[in-house]
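**Q** Since the structure of chain A is already known, use the hints to place chain B with the ligands on it.
Single-letter residue listing:
Protein chains: 2
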Amino acid sequence: MEEKFVKEITPRSEDFAQWYVDVILKGELADYSPVRGCMVIRPYGYAIWENIQKLLDKRFKDTGHKNAYFPVFIPESLLKKEAEHVEGFAPEVAWVTHGGQEELAERIAVRPTSETIICSMYAKWIKSYRDLPVLINQWCNVVRWEKSTKPFLRTAEFLWQEGHTAHRTEEDAEEETLRMLEVYRDFVESELSIPVIKGRKSENEKFAGALRTYTIEALMSDGRALQAGTSHNLGQHFSKVFDIQFLDQDGQLKYVWQTSWGVSTRLIGAIIMTHGDDRGLKLPPKIAPIQVIIVPIFGQKKDLVLNKAKEIYELLKNEFRVELDDRDEYTPGWKFNEWEMKGVPIRLEIGPKDIENKQVVVVRRDTFEKNIVAEENAVEYIKNLLNDIQKNMFEQAQKFREENTRVALNFEELKNIIENYRGFVKAMWCGNGDCEKHIKEQTGATLRCIPFEQEKLSDKCVVCGKEAQKMVYFAKSY
Amino acid sequence: MEEKFVKEITPRSEDFAQWYVDVILKGELADYSPVRGCMVIRPYGYAIWENIQKLLDKRFKDTGHKNAYFPVFIPESLLKKEAEHVEGFAPEVAWVTHGGQEELAERIAVRPTSETIICSMYAKWIKSYRDLPVLINQWCNVVRWEKSTKPFLRTAEFLWQEGHTAHRTEEDAEEETLRMLEVYRDFVESELSIPVIKGRKSENEKFAGALRTYTIEALMSDGRALQAGTSHNLGQHFSKVFDIQFLDQDGQLKYVWQTSWGVSTRLIGAIIMTHGDDRGLKLPPKIAPIQVIIVPIFGQKKDLVLNKAKEIYELLKNEFRVELDDRDEYTPGWKFNEWEMKGVPIRLEIGPKDIENKQVVVVRRDTFEKNIVAEENAVEYIKNLLNDIQKNMFEQAQKFREENTRVALNFEELKNIIENYRGFVKAMWCGNGDCEKHIKEQTGATLRCIPFEQEKLSDKCVVCGKEAQKMVYFAKSY
Ligand SMILES: [Zn+2]
Ligand SMILES: [Zn+2]
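In the order they appear, the protein sequences are chains A and B.
Each residue of the first sequence is one higher than the one before, counting from 1 in our numbering.
Each residue of the second sequence is one higher than the one before, counting from 1 in our numbering.
Next up, chain A with everything else stripped away, as it sits in the complex:
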């Protein structure tokens, strides 16, 4: 029976894409919907998102941000105001043309992102330097009509948060942009156990309408990179178009400096693909909806074991997110597989012999290590173990990334690595967008970021051989 269960998930080595979908569908994280490209986030998947929201929202508020809500609809004329912006988003906009029986005079976009609608309000609200900074965040759904979709990674609709801030000076805006990038890095590394590289996007890869885009880039276990969060310094691009001016202390009317930044439900995809294995999902304790699953092993003493299991549940429930699987219709082995597939960090087994010995059996999802723990020490033991698991998962992911980060000194090396190994390729770059495009066309890899942490690998651009400006990361990506 156990064997059969495990077989339901395609091994990663056989077909990574199918493994990914299997984990999502069979782990009940999400499901396909009758709407093209849209997914349903099921309760188990949504609980992960709720934990992400709770932890991130606290960080946003601790850095002075407040939440608000702007309309899901953006009139076409508004979306079109900033030229680069509309060019970037127009191809994937869903258009509302009718309200009830009536045809609308102007088409309305379902928001792909909210810069334009928010700027139109900031123009109204911001009058004086005293009104600055404006530090607003929004949790909402957005729509991008993508051709090909994949649950959590690329869907026609997804959930995200978008921060939108306005500042008095360029320096203030840049500081905010980097502050939020650091909030993302710390969150993703500390709470999701995913190591990331902080850096700047190239001109080709930056956000449509931004002055500069910063990113945190993660490496998935199939060797493809994933952009986990971005923070944009918008400069005065939008404030000039939307006429967001303030009277400064010196009596001059000035345009504000703006930022925007966001992460989305694709973080759940990143969790799956960073930590998962052939048994399924592996969740970092800090965002796991269930941190400890108690599986009673009844033997011949069902009442005794069930009562003890309930007692232990009561003992743990104020400290941890814990559940007791007391279902009759499944064997313990089946339950073990189910909860491993669902990525619960700790399994606690309790049977007649354990009760006799005043002990519980504790099994880690990350290493499958099994330990016998005195019942009286269970709370303390689990507390420490959850921290260990959180840390170990980060270290494992970091080790994988290091092993899959390679240096290329010339184009042939780069091409060879991408074709035969995937992973990150570190290479020197002259700063010319044509060299970047050449790599994309020839290998499918894109310039993921210009990392803050620079190394000098050589003097020459990996493509054109001209003088190199920066060390950059290339990779195939999601």
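Worth flagging that the hints you see were computed from the coordinates, not collected in a lab.
It is possible that part of the hints are untrue.
Copies of the same chain look alike in the list, so a pair counts if it works inside one copy or between any two.
[As the list claims (entries may be wrong)] List time: in silico DSS-like cross-link candidates among lysine-lysine, alpha-carbon distance up to 30 Å:
id : residue 1 : residue 2
1  : K358      : K66
2  : K81       : K302
3  : K353      : K476
4  : K426      : K254
5  : K58       : K310
6  : K335      : K124
7  : K335      : K66
8  : K54       : K198
9  : K147      : K460
**A** Leaving out everything else, chain B with the ligands in the frame of chain A:
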């Protein structure tokens, strides 16, 4: 200066609708947007919604519900499956017809409510009686293309939660429907200090597609009723159309019994119109974003007072949602008005004399009562005072409702009350929808609910004089 400030809000007696809009705009709860009928919920208004969400979400989870997320889009064919449902919603649907450059093969509705898309998934997920009950809630935006709109009360887009559950038996579904109605009643009365009448909707007023709709009805301070929350027993209307069947313990395939229930951002409108006065908003402490505002009165001793004010802020901030208004550019009087307008339940003043006497001045927003409190007792005093304010606001609203609930024994009396007094009218009803429609046409009042708490006012229907079945409430409403 103070006088000028107060004048910014239109008095309720002069123009209630304008007063309502003034409170919202000047209190910075919300703003008009460039999108027809859509509003922006500003940080101060959104913080009220976040408090509502937090408190309600806990109640939902305590009653066994889990959150999930379903697509914002619903294909036209799906929306049309349940006949009554589509008839009720089609006139106000926003239709997406284009994705990027492409015209869609089938029009897609922006969800006005999610029964149909959720049912299509439940049909996939529910197989056995062991899968029941399914208890799912969703927090999201919905769109109804209304002709005339009013912030929080009726907007093209609004935020809400919608619970959708599936059960094994009719009794289970009815129990759930009433359980969630009671959750709403208790929440609205305890946390929002708004008294409500629990009852059932008439056939004319029930939800499109429901078997039975239950409601909680509140009375606004202009004498109009407001439906604050509804809970629907959907029967098997949707399960038969969407083929949601389960294999019961007896080996028979059966259709599930369903419920749905929701409250929305219109609760914020209810708070404004139940409690507000000519100075502006009055917020119940439990959902006030700021419970205590500290206003330092510098006199000649700015540093001394500011330091003490900060000290008190530190003292209070772990117990309450507190802010310190240390702005230089406004006088204390201006600040008093501002925070009264924004409905902060308690104002704490501190000046040089207070510091000398080791005291603070505490002013209630609900009664304007002013008390001097020893600094060392401040935390305890405020804790009790917030409870008192919460309770007093409920009692005031209840008193108003009682004074504005009248009995009509015949149609002339009913018409006279609606025309000259508004408020609730209690009257006997034969149960015939024609009598209900007659009242609506002649007076503009609708049958708000058939209350659970019945009284026998007479034997005869207030319209036709035939045998009365039930005592019901009529009112003009939002
Ligand atoms: Zn080059
Ligand atoms: Zn009648």
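**Q** 30 Å Cα cut-off: does K54 pair with K198 within a copy, between copies, both or neither?
**A** This pair counts as within: shortest intra-copy Cα distance 23 Å, inter-copy 34 Å.
**Q** First find the shortest C-alpha distance between K335 and K124 inside one copy, then the shortest across copies, and answer within, between, both or neither for a cut-off of 30 Å.
**A** between (57 Å within a copy, 23 Å between copies)
**Q** What label fits K335 with K66 when the C-alpha limit is 30 Å: within, between, both, or neither?
**A** Result: close only across copies, 21 Å inter versus 43 Å intra.
**Q** Taking 30 Å as the upper bound on the Cα-Cα distance, should K147 and K460 be classified as within, between, both, or neither?
**A** neither (38 Å within a copy, 64 Å between copies)
**Q** Classify it for me, K426 with K254: is the Cα-Cα distance of at most 30 Å met within a copy, between copies, both or neither?
**A** The answer is neither: 41 Å in one copy and 60 Å across copies each exceed 30 Å.
**Q** Given identical chains, is K358 near K66, meaning Cα to Cα at most 30 Å, within a copy, between copies, both, or neither?
**A** neither (50 Å within a copy, 34 Å between copies)
**Q** Indicate which option fits the pair K353, K476 if close means a Cα-Cα distance not exceeding 30 Å: within, between, both or neither.
**A** Neither: 52 Å inside a copy, 69 Å across copies.
**Q** If the cut is 30 Å between Cα atoms, do K81 and K302 qualify within a copy, between copies, both or neither?
**A** Close neither inside one copy (69 Å) nor across copies (48 Å); limit 30 Å.
**Q** Under a CA distance limit of 30 Å, which applies to K58 and K310: within one copy, between copies, both, or neither?
**A** between (33 Å within a copy, 23 Å between copies)
Of the numbered hints listed earlier, those contradicted by the structure are 1, 2, 3, 4 and 9.
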